[in-house]
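**Q** Sequences listed follow chains A and B, in order. So the first sequence is residues 224 to 468, counted in the working numbering. So the second sequence is residues 37 to 310, counted in the working numbering.
Note that these hints are calculated values from the structure, not bench results. Since the model is a prediction, treat every value here as computed from it, not as a measurement.
In silico lysine-lysine, DSBU-like type, Cα no more than 35 Å apart, as pairs: (1) K272/A - K301/A; (2) K395/A - K444/A; (3) K301/A - K80/B; (4) K214/B - K286/B; (5) K286/B - K224/B; (6) K395/A - K80/B.
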Amino acid sequence: MASATTDIPAAIEPSASRSVTPKRQYPGALVVVEGIDGSGKSTQLYLLKRWLEIGGYRIHFTEWNSSPLVRSATRRGKQRRLLTPATFSLLHAADFADRCERQILPLLHGGYLVLADRYVYTAFARDAARGCSPHWLRNLYSFAPIPDITFYFRAPLDVAVNRIVAGRPKLKYYEAGMDLGISLDRAESFRIFQERILNNYDQMIDTDNFVLMDGTVQVNKLQKQMRQIVGERIELAQFAPTKKK
Amino acid sequence: MKRPGKIAASVSSNGHRSKPSRKAADKILEAPSRFYGIPLPGVKIEELSGTLIVIEGTDGSGRSTQISLLTEWLESQGFAVQTMGLRRSYLVGEDIDALLAENAVTRTTLALMYSTDFFDQLERRILPALRSGLIVLADRYIFTLIARAVVRGIGRDYLHGMYEMALRPDLTFWLDVKPEIAFDREFKKAHTISYWESGRDMSLSNDLFQSFIRYQSMIRREFEYLSKRHGFIELDGEGGVAQVNRVLRKRIASHLGIRSTHYQPSHALSHLWR
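Same shape as in the complex, but just chain B (with noise of 0.2 Å):
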């Protein structure tokens, strides 16, 4: 029921608010705007005592190492976490690796099939979790995947539809690379790009540089429209690790109420911080 280390009463008022900048508008009732649409069946709202932190960003932009260090620093600030991301669930997480080796699925049925490992996440894991008032973190969300899809094609009303159970998140960070420095990145890391990462599907072109680019550019540009419609907090993730740490931790503490953004990473996560 109660948020672990919450501090003041007048934090938690704020807690679920999901556009801190129009704050009277949205004094009437804070609950439903928990969900883009209607609710998922059977679930109610005022037990969702936790608070959902998405972090968004293409691969190359240093996601995964932001959520690290961050579950060490509010784990150390008495805070549990749970964290979420694509594929990861037990219903179809493997299925979908399949598919995508396979390069045979088309482009509406990836899209459901997404849509049910984030269901499945979502009703399984994240909202048990938000009951228990635990924090979570999603390495990547729903907008990484309507992002795809719409750069396939796919309209965006459908995609808003498919996804209007899903939860709004209380806070979503955009860290936001140029492809050209994604692509560097991610050449360092696997030596390789990737078939799905470049966008091999939608032919863009014979050079894979050119291709990554390209298809980059096109889910940036999506982000960008997505960043006005749902009031990303938007992050220079070119910034080095512990620059782009403080300002997330920053945030992070203003919405949970934690007075101390101090933080050192232990040994175990040192080499992460760069």
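In isolation and in its complexed conformation, chain A is listed as follows (with noise of 0.2 Å):
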């Protein structure tokens, strides 16, 4: 009698490889925030990336769900939903590896500092909230890299779904969670949907050694402090302007 589509895995364990951070094999570093949407984190990140183009520092800014590569299989799937769990999944993770594959581990290599809005936890959180296990997904993404400091931006449900809410006509079908039935109204599945992503990312503070950030403290404190433990983590001359002979 048990019904299978309502099972949603309560824990995100972390496979054993990837609770011990390994030795970096390149000269590069990888910045990334995390945090459900409203929580504030791109704001932010825009302007970390801000203070270091200005400082003429070497990086670059990737953001999830970029690449042309699977641009149209997404667009077909989702405007016929017609995505699963595990393709809706599998699509963002061919998607990421083409992203990593191509862009970040070879900018981390030539020492570049990467910037990242989102990253792997975001698949690990929402994919899991769709009742993807989470073993399969951290197997799923075993190949990448492992971030010098991941950003988690955290901020009250209600805060963030407001802002989310407020400043869009429209909630689109899957970023409501739509495809998992919970409720016919776009705005209570939208609520329900991130309430799940938000204990599957605590969840993941300490096994993948988040730096939490609260997203409810003014913009510029809240860059303040991000830019004070960028300074301290990164060696930030690493990347800085090469000086003219």
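Relying on the hints, combine the two individually framed chains into one complex.
**A** Below is the structure:
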């Protein structure tokens, strides 16, 4: 009698190999922001990027779901609502792999500071909320380099959801988790879906060494904290503009 | 619910067993063994009354010919047949074609695109067919995808993890042919050798023949490993079409409980009967 569709995995289990940060095999560094929609992460990463750009550092910015490779398939799948939790996840993994193999990894080997708006943890939190096995997800993304810093922007669910709902005329089908059949009301479905994702993120704070950032703090104050942490943890001089001879 | 044309009840208990050699150990529950690991979300194994038959083998091994003939034979016996194959999904089939044409795609991305293609077909075509009691004939399956990725340096564990939600076939046939024979057959068919079938992305040799042979030999070695691990039924793909087809019919007939394996292709397919 157990209905399989509502079985949502409770925990995100990191595989043993991931809990220990391996020695980096490249001169670059990777800084990642994560968090649910409306947590303020993109704004903060943008400001960090501006700070580094203005300073002339060797950086590259990359964001989730931006590769032209799977764009047509994603559009086709979303428009006609053909995506299942498995194919949704695999398509995003393919997209990420393309970005990783052709952008992120070469840049890290080439000594860049790479800034990523969302990373594998987005897939771990979101796809597990759709019912994919956390173990399967961890394996799927095991080719991804582990970030030097993962900022986790956390805002209370109501704050985050209100920011999104206020700014968007209509929530999209998959964005609102309508494929899960939680609720026929999009706003309601979105809220429940985001709550599941938030819970999944929270469980990764310790296992994946997230740096917790309070998304309710004033933007400029939060940015100050972020810049300070980056300055402490990353040897920025390594990415500084080359001096003229 | 019922398998069309099913004859004896004793046969159906045999029907879903994927490894006939381990009868006693598998006696407990046959259901969980239908997936390699955790099942796909929302799939009820007991609903899958159909049969999944996989034909594996490289290009030039005669897979497609055999599948055409088997389809006709099974239909003549009253079984409904559904087919699947690589790059046939609505979701990403054409996208993979485009990626392959560009030659710019990297190995992990390609492996994941093929996996998307596979699961789209599995969830939206194969599982519904199996729920309706159809016979699914798969023209290649996860094994080709795993072998191709392994020879390109992707870990076996990674790939087996990726496909742990795949359905375990009831029967997997491997039409084995030597790379040299496959080369002859492919060349006869297309008058050239394709970029991917000769593994040119792997920079094995500038000589296309050498590249093809080395690549196909690597794939074949991986298949030897997969065959042991997954209990393939190995067939000599170098035999004549009629001869290979007879062996296939015999094994499938005993699995499905079909008494007669007699078959003569219709006029439409007689050109295949060489």
